[in-house]
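Protein chains: 2
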Amino acid sequence: MRIGELSNRSGVPVPTIKFYVREGLLPAGQLTSPNQASYDSGHERRLRLIRALLDVGGLSLAAIGEVLRAIEDPAQPVHEVLGVAAKRLTPPQRDEPGPELEDAREEVAELLERRGWRAEAHGPAGESLAEVIVALRRAGHGGFVELLDDYAAAAEPVARADLDYVGRRVAREDLVESVVVGTVLGEAMFGALRRLAHADASARVYDGDGAGGPGGDAAEGYVGQG
Amino acid sequence: MRIGELSNRSGVPVPTIKFYVREGLLPAGQLTSPNQASYDSGHERRLRLIRALLDVGGLSLAAIGEVLRAIEDPAQPVHEVLGVAAKRLTPPQRDEPGPELEDAREEVAELLERRGWRAEAHGPAGESLAEVIVALRRAGHGGFVELLDDYAAAAEPVARADLDYVGRRVAREDLVESVVVGTVLGEAMFGALRRLAHADASARVYDGDGAGGPGGDAAEGYVGQG
DNA sequence: GATTATGGATAGCGGCACTTTCCGCTGTCC
DNA sequence: GGACAGCGGAAAGTGCCGCTATCCATAATC
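Residue numbers (the working numbering), protein chains in the order written: chain A, 2 to 227; chain B, 2 to 227.
Please note: incorrect hints may appear among the correct ones.
As the list claims (entries may be wrong) - Using C-beta positions, here's what the derived DEER-type ranges look like:
{"hint": "1", "chain 1": "A", "residue 1": "E108", "chain 2": "B", "residue 2": "T33", "range": "37 to 47 angstroms"}
{"hint": "2", "chain 1": "B", "residue 1": "D151", "chain 2": "A", "residue 2": "S34", "range": "47 to 57 angstroms"}
{"hint": "3", "chain 1": "A", "residue 1": "T17", "chain 2": "B", "residue 2": "G59", "range": "20 to 30 angstroms"}
{"hint": "4", "chain 1": "A", "residue 1": "P16", "chain 2": "B", "residue 2": "E81", "range": "39 to 49 angstroms"}
{"hint": "5", "chain 1": "A", "residue 1": "A63", "chain 2": "B", "residue 2": "A63", "range": "38 to 48 angstroms"}
{"hint": "6", "chain 1": "B", "residue 1": "D56", "chain 2": "A", "residue 2": "A63", "range": "10 to 20 angstroms"}
{"hint": "7", "chain 1": "B", "residue 1": "V15", "chain 2": "A", "residue 2": "V171", "range": "21 to 31 angstroms"}
{"hint": "8", "chain 1": "B", "residue 1": "V15", "chain 2": "A", "residue 2": "D104", "range": "40 to 50 angstroms"}
{"hint": "9", "chain 1": "A", "residue 1": "E73", "chain 2": "B", "residue 2": "Q37", "range": "56 to 66 angstroms"}
{"hint": "10", "chain 1": "B", "residue 1": "D175", "chain 2": "A", "residue 2": "D41", "range": "30 to 40 angstroms"}
{"hint": "11", "chain 1": "A", "residue 1": "D56", "chain 2": "B", "residue 2": "A29", "range": "30 to 40 angstroms"}
Think of the hints as simulated: they come from the structure by calculation, not from any bench.
Glycine included, every Cβ here is placed at the ideal spot set by N, Cα and C.
Please model the complete structure; the sequences and the hints are all you need to start from.
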C-alpha cells in the first residue's frame, strides 16, 4: 500500500501522515526505491489509534508519542506504560501546593482506606483527584465533594469491567493497547453515558411524576442533554 | 478591592484578569475614577469558576464564555444552559457521517430503550457516545463496546447523586452553576476515581491472591496508576 | 511522453491563551 | 509635595500546537 491509499483508508490527509512520521508517531514505510515506500495494515491501525486518542481521548500529540513508544518497547514493564498513559491523560497542572492541596490529599488517602482500595494515594490518579477536590472548593462548590463516595462506588464496577475486558487479551502489545484505549476512550464513553443518565434522571424527577421534585420550579428543565 | 488584591486572592495574574475582562468572561470592575475600579467577592468567585472550568474541566475560554453568559441570562431556560455546557464539554468533532456512525447511533438508541432511559438519542450526549463507539471500532477495539451496559449501569447512580446535589440548590444562578460545575468537574472527579479503582482492581486480581489472574503473566503489573 | 503520485525537506499558518509594552493618571507613603 | 508603585485601557507580541503549503527530483500510471 502506498501513502495515498493509506490516506484514503484512514481518512488522514497525506501531509498529516508525513508529519506523524516525522514526529515519530508512525513508523516510516518500507522503502522499495529511493522515493517509494510501502505501508501495511499495521500502519493503518496505528493511524486509527492516533486519531482516536487525539480526537476522542483529547491527548496531545506529545502524550500520544510517549504512550506509543512505551507500548512498542517490550522492555518497558506494562505498568510503566499505564503510568505514562495515566499521567498524560490529565495535563500537568502544578499550581501552588498550599494547605488546601494537603487537605485534599489527606481526604483522598482516607477515601482509599475507607473503601479498602489498594492504590497509591499519591500517584498521578490520586493527585489529580486531590486537584479536582481543591478546584471544587475554590470554585465555591465544596459540597460536591460529598458525592465522592457515591462516585467511588460507581467506579468500582466500571474498573472491574475494564479489567475483565483487558484480561481477555493475551499478546502483550494487544493488552497494553487495550488498557490505553480503555482508559482514554472509556473515560469519554462514561462521560457521554453520564450526561445521558442526567437527562433521564432529570426527566424522571421533574417531568414524569407530575408534581415537581425536590428542587421545585427552579430546577424545571434540567433535561434535554440527551 | 483593587485589581492587585483580586489577583493575589485568586492567584490569577493581573494582565490575565484584564484579558478576561476584555474577552467578556469577567465583568469590569466598578469605576471609582477614570482609571480606578473596585472589584468584589463576586469577581473573585467568577474568576475561580473560570479557572476551575479551564484547568480542571479542560473547557476552552470560548466555551466558558458561552456557559457564563448563559448562566447570567435569566431569560435563558435552565435546560438551554445545560445544553450549552454539555455541547461544549466535548469539542465539536464532525467527521464524515458514513454508515458506521449510523450504526452507532442505532446502538445508542437501543441502549436507551433497553435501559428505559428517557433521553434524546440524537442530542449532544447521544451523539458523542456514538462517536466514541465509532472511534473504538475504528481503532480496532470494538470489543470494548460490549462494556456499554456495565458503564451505563454505573452511570445511573452517579447521575442520581448529581441530581440530588443539584436539587438542594434554590437560587437559579446557584443551581445552574452547580449543574455546570457538577457536569464538568464531576467528569474529572470520576475519571480520577476510575483510575484509582483500576489500580485497586488490578492489585486485587494480579497481585494479592498469589498466582496470577486471568491474563496470566502478560498482565502482570497492571497496577501503579494510583 | 504527459500526468499524477511519492518521499523528503523546509517554511508557513491559524488558533489559542496569554504576556508585554506603553500610556497617562492615581493612591500612598514619607 | 515629591517619589513611586499601582491602575485602567489599548495594542502588539509570544509560544505552543497541530497541521498545511510549497518545492524538488524521482517513480508510477495512462
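Comparing the hints with the structure gives:
no.: 1; hint: E108/A <-> T33/B: 37 to 47 angstroms; in the structure: 41 angstroms, holds
no.: 2; hint: D151/B <-> S34/A: 47 to 57 angstroms; in the structure: 51 angstroms, holds
no.: 3; hint: T17/A <-> G59/B: 20 to 30 angstroms; in the structure: 23 angstroms, holds
no.: 4; hint: P16/A <-> E81/B: 39 to 49 angstroms; in the structure: 40 angstroms, holds
no.: 5; hint: A63/A <-> A63/B: 38 to 48 angstroms; in the structure: 23 angstroms, violated
no.: 6; hint: D56/B <-> A63/A: 10 to 20 angstroms; in the structure: 18 angstroms, holds
no.: 7; hint: V15/B <-> V171/A: 21 to 31 angstroms; in the structure: 57 angstroms, violated
no.: 8; hint: V15/B <-> D104/A: 40 to 50 angstroms; in the structure: 28 angstroms, violated
no.: 9; hint: E73/A <-> Q37/B: 56 to 66 angstroms; in the structure: 60 angstroms, holds
no.: 10; hint: D175/B <-> D41/A: 30 to 40 angstroms; in the structure: 57 angstroms, violated
no.: 11; hint: D56/A <-> A29/B: 30 to 40 angstroms; in the structure: 37 angstroms, holds
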